[in-house]
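Asks: Sequence:
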Amino acid sequence: MNRVRRLLLASTLTVTTLITSSASADIAIVVNAGSGIDHLTRSDAVNIFMGRYRKLPTGNVALPVDSSSLKARFYRALVNKDLAEINSYWARLVFSGEASPPQQIASGDDVHQLVLQNMNALSYVDSAHVPDDMHVVLTLGE
Numbered sequence: 001m002n003r004v005r006r007l008l009l010a011s012t013l014t015v016t017t018l019i020t021s022s023a024s025a026d027i028a029i030v031v032n033a034g035s036g037i038d039h040l041t042r043s044d045a046v047n048i049f050m051g052r053y054r055k056l057p058t059g060n061v062a063l064p065v066d067s068s069s070l071k072a073r074f075y076r077a078l079v080n081k082d083l084a085e086i087n088s089y090w091a092r093l094v095f096s097g098e099a100s101p102p103q104q105i106a107s108g109d110d111v112h113q114l115v116l117q118n119m120n121a122l123s124y125v126d127s128a129h130v131p132d133d134m135h136v137v138l139t140l141g142e
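When we follow the numbering used here, the leftmost residue of the sequence shown carries the number 1, and every step to the right adds one.
To be clear, the hints were calculated from the coordinates, so they are not data collected in a lab. Beta carbons: idealized from backbone N, C-alpha and C, even for Gly.
Computed spacing ranges between beta-carbons, pair by pair: (1) D82 / G34: 32 to 40 Å; (2) E142 / T41: 16 to 24 Å; (3) G36 / S88: 30 to 38 Å; (4) K81 / R54: 17 to 25 Å; (5) G34 / E98: 26 to 34 Å; (6) G97 / A25: 32 to 40 Å; (7) V61 / W90: 15 to 23 Å; (8) S43 / A72: 20 to 28 Å; (9) V46 / F95: 16 to 24 Å.
In silico DSS-like links for lysine-lysine, alpha-carbon gap of 25 Å or less: (10) K55 / K81; (11) K71 / K81; (12) K71 / K55.
Throw the hints in and build the complete structure from the sequences for me.
Replies: Here's what the structure looks like:
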């Protein structure tokens, strides 16, 4: 009986792991395809989205954009922090006058439009749904 339980538990864990890993795709940091940015390092992405850098590798002022629908997944993948920790971080920076948080956009379509209209904008999308007119500069695994 113990052997059957162990086999059943092992099978359940294996199936759960396969379902979980296939259900969550990676997150792609994207820019306008004509921005001239080929890639970002993970360090660059952390520094831009956490307000430490204000410029892109091209020298232009960066406009990081948060997508409300992916924000929790993105910051967990980027800096291993939950939304409460990110909000607390930004509250301290805003209060001290050191930096402003990324612009908040609710829908993926609005993010897409903003990135297309602004060569300095960068945001993130589910890597399985990257529009053709955006360029992936970094992919974050979950």
